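K.L.:
So you can see what is in the structure, the chains are spelled out below.
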Amino acid sequence: MKAPPLGAFAAPNGEPHMPGPIQRLPRPMRTFAPGEEVDYVVVGVGAGGGVLTQRLARAGFRVIAFDAGPFWDTERDWVSDEQGAHDLYWNEMRITGGDHPLAFGANNSGKGVGGSTVHWASFTPRLHPSDFRIHSNDGVGVDWPIAYDDLRPYYELIERELPVAGPAYYPWGDPHNYPYAPHPLGGVGDALVRGCTNLGIGVVAGGPVAILSGSRADRPHCIYRGFCIQGCKVGAKASTLITHVPDAIANGAEIRANCMVGRIELGVDGRARGVTYFDPAGRERFQPAKAVVVAGYSIETPRLLLNSACSGFENGLANSSDCVGRYLMAQAGNVVLGRFEQPVRMYKAPPAHALTEAFYETDPRRDFARGFAIQTVGPLPIAFAKQMMTAKGAWGWGLRQVMMDYNHWAAFGFLGELLPNAANRVQLAEERDRHGLPVAKITFRLFDNDKKLIAFGKQKTIDVMGAAGAQEVVQEARYAHLVGAARMGSDPRTSVVDGFGRTHDIDNLFVCDGSIMPTQGSANPGLTIMALAARCADYLIAQGASIFTSSRRDTQAPPVRRDLSPPDTAGHGMPRLRSWRSTAPSR
Amino acid sequence: MTMLPRTIEMRPVDPQTGAPVGPLAQPGYYPDFHTLDQQSYWDAKTRAVVIDRVDNVPPIRFFNGQQARTLTAICDRILPQDDRDEAHRIPIVPQIDRRLFEDIGDGYRYEGMPPDPEAFTLGIEAIEQIAQAMHGRDFASLGPPDQEHILRSLHDGTPGAAHDIWLRLPVERFWTLLVTDCVSAYYAHPYAWDEIGFGGPAYPRAYMRLENGEPEPWESEEQRYAWNPPRWSVSGAFEPVGGKEEQPASPSQGGMH
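As they're listed, the protein sequences go chains L and U. One point on numbering: in the numbering used here, the residue at position 213 of the first sequence is 213, and numbering is uninterrupted. In the numbering used here, each residue's number is its place in the second sequence (first place is 1) plus 1000.
If you're looking for bench data, these hints aren't it; they were derived computationally from the structure. Some hints could be false.
Stated by the list, open to error - DEER-style ranges, computed between Cβ atoms:
no., chain 1, residue 1, chain 2, residue 2, range
1, L, 314, U, 1136, 58 to 66 angstroms
2, L, 365, U, 1220, 45 to 53 angstroms
3, U, 1072, L, 214, 49 to 57 angstroms
Nothing here was measured: the structure is a model prediction, and the numbers come from that model. Beta carbons are placed, not taken as given, at the ideal position from N, Cα and C, and that holds for glycine.
Using the sequences and the hints given, assemble the complete structure.
P.N.:
Laid out in structure tokens, this is it:
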């Protein structure tokens, strides 16, 4: 046995030593009386619902935010263990089909306060200005009803609120920089930088990731333990559980955890009047509200809208366009694995810490529209064994043998933009869950542009791994992230919500999550979902009580409320940002 | 039927000398590295979860005796442990049984696939039917080479019998489910972490040597040795599953962004 060199982390009183103070939630949390009408019910406390609830509460609205899963106590509930993280995911049944079926659960779906942000790798690139008009530019997909400049102030706010660590100069899209210092490189990031550099491809390292590179208030800095996607027990990786929900509670919001919302109820006036939900004991209850915001992400949001079908809305709520559930997107997420002569030990450092967006934009020399990113990933042993099973067909003695070389492998994630298509969709299955609610059935397939993009991007990623010095390179086909299925648009005939997230059909029903994104770029969607939520909040706040009674639709963009950030997060960092903007050559 | 010498060598072999490797308390290239030695550095919850996994092997409650016997023989070939001594073998079937008994799912099911408990029951039955059709004996009593050839036919998507079952249970999906459950049990165990040199839990202590694959002061340098699978084994070759299609339906979804 190797003796621990420092002695165990145990103080004389027997209390464990921790690397920093563990966050304490404000107590007591406000609880509304049973049946008491509130201003807003928010369904789902993930990236979108967490940010929205925080801002609505801070602006003085009476808000209850529901989540189907638990309110995590990260110190008591979470572990540094792959298998032990199973409960973080949406493990209830969904049926997945089509020619290229998507995987769910641990791949992309959270359950519990914080939603998928508790298990995201927390890459936080912005969308590019071109993402908002790919139909105008390239004749594919659809344009957004808003532009990059509408979201830019919200990107800047959220990047400070999480905050995001990254390079001092980020060259792609709308060039910008980051408030927290970049992280040191792990072995995988080192390989990505080496491979890109050898091929003359631009690359950045150390972010952008929503992981603290230095302590901030009651959150400690990263300790590079590598279990980001198993839930950051350290508290260094941002999730709305620790970045926005505490401030929401401090400002009077109620978080109602372990409560599954089953239906949105409409009044005789055709307006939402609240939600029916199942409390932690499984009893059906009704919560009245003046307005309802659905933030359940790209599967549960359309499922709830479809399950809320009623007289006058036989095809589901807000579905006069027949777009609820349609235009579901995932990103191509092939994992390219390379074996190196020297050890890499890819379990150290955050999986997310270096990337290139050099291939992000449409290139007329290629035979497809739009592009892709190449990012670091850091599979832990079980994930890596599954990849070897798929990529190499390994089993038996061969699997044991290749696994003994785990420390010699590095992994890159190719992240490719797949285009929206009406045939890729969420519907209701015959099968029902434990509450008697029909479960989601998802149909997904690739189309021509998608296949060409994947073929090219996959090969480019393989080339980079080879240029980094890998002796052997293999790859696994897979998909990452979810967006779409309740898309925003200007035309009520072809979209579900307007540019602020308001459903075209029901004046006081909103959607505030990744499902409203009409296209996805090849950026990880989390930051954009949060920025959209902050903008939605500003709109709701600016409209005030008229949301609750009026059917007038104000299409004016709201003023940007920079005073609604959680305390002590705005206005920090960002050296040279302003001067960079004013002196940058036009692009 | 293949007639086997009673003394078939189950262990891997040294390619230079032909000598068998093992049984070892700890196979792999990090012989003096034991993650459990570091447990005083782990947080209490993590320590409890990992120690429970080692100390408390769940009882068989979902499978009947015959199914458990067959599945044990299957798992012994999917993740063979003949280079491990008896005291350091990693239980796999009890973990699969626990998942199915407690109805722990992964959040989705492929259209056309039965629920996981039914998939395992059907898959075991199909493998038994193949063994009977090809060898007239039950799978667990076959020699390892015959067992491997049957499993290889599942891996290749060309099972030789039980076609009525495979109509209800797509063979590629079942293979993926089976291997996924096996690796999820094996590589969740600290003995397997020691075997592959994975540092394991590192909260609250942290890792500090991030670059160049260097070990922490409490980790070990690699000490490689050459070994080959047993001569009769066909499981050492690599043939990607579904490799012909340009973008096959992706079955494992191991990594994340």
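K.L.:
Please go over all the hints and tell whether each is borne out by the structure.
P.N.:
Now the hints, each set against the structure:
1. At roughly 59 angstroms, the beta-carbon separation of residue 314 of chain L and residue 1136 of chain U lies within the given 58 to 66 angstroms, and the hint holds.
2. At roughly 49 angstroms, the beta carbons of residue 365 of chain L and residue 1220 of chain U sit within the given window of 45 to 53 angstroms.
3. A beta carbon spacing of about 51 angstroms between residue 1072 of chain U and residue 214 of chain L agrees with the range 49 to 57 angstroms that was offered as a hint.
Every hint from the earlier list agrees with this structure, and none is contradicted.
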